[in-house]
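> If you're matching positions, the sequence shown starts at 1235 in the numbering used here and goes up one per residue.
No lab work stands behind these hints, which were simulated from the structure alone.
Glycine residues also receive a C-beta, built at the ideal position from the N, C-alpha and C atoms.
Here are the in silico distance ranges between beta carbons for each label pair:
| no. | residue 1 | residue 2 | range |
| --- | --- | --- | --- |
| 1 | A1279 | E1313 | 26 to 34 Å |
| 2 | D1295 | S1269 | 17 to 25 Å |
| 3 | E1281 | E1313 | 24 to 32 Å |
| 4 | E1315 | P1288 | 13 to 21 Å |
| 5 | S1282 | E1313 | 25 to 33 Å |
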Amino acid sequence: MTVPTGRHPATTPTAATTVAEGAGAGAVLPHAWLSARLSVYLRRAPESIDPTVPLAEYGMDSVAALSLCGDLEEEFGLEVEPTLLWDHPTVESLLRRLSAVLAAAAPADSPAGPAATAAVDQR
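Taking the hints into account, I'd like the entire structure generated from these sequences.
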């Protein structure tokens, strides 16, 4: 299960952007951060990664997937199950899940919604 740990704020200005479509108003989405991390692990330009193509087709292996899970834990203060990228194999699916979890974990006085504990690996 992946849950906010409270070690870090749910979002940081450099790591997250507000999503305008797909996840609802005020949802927090680490799109730019995720694109940058994936480009490192997949050794390709961020703009060359189609968000609807499974990351495994670009060469995402278990080592890179676990490393990305660790990056997510560190950057966003989440506990991430190692199966996250297999449960959400595309950028689009992964961003939807992360957006939901980060929005649920946002403080009650933020525009994203009340504080909550949510699992990143649940569908």
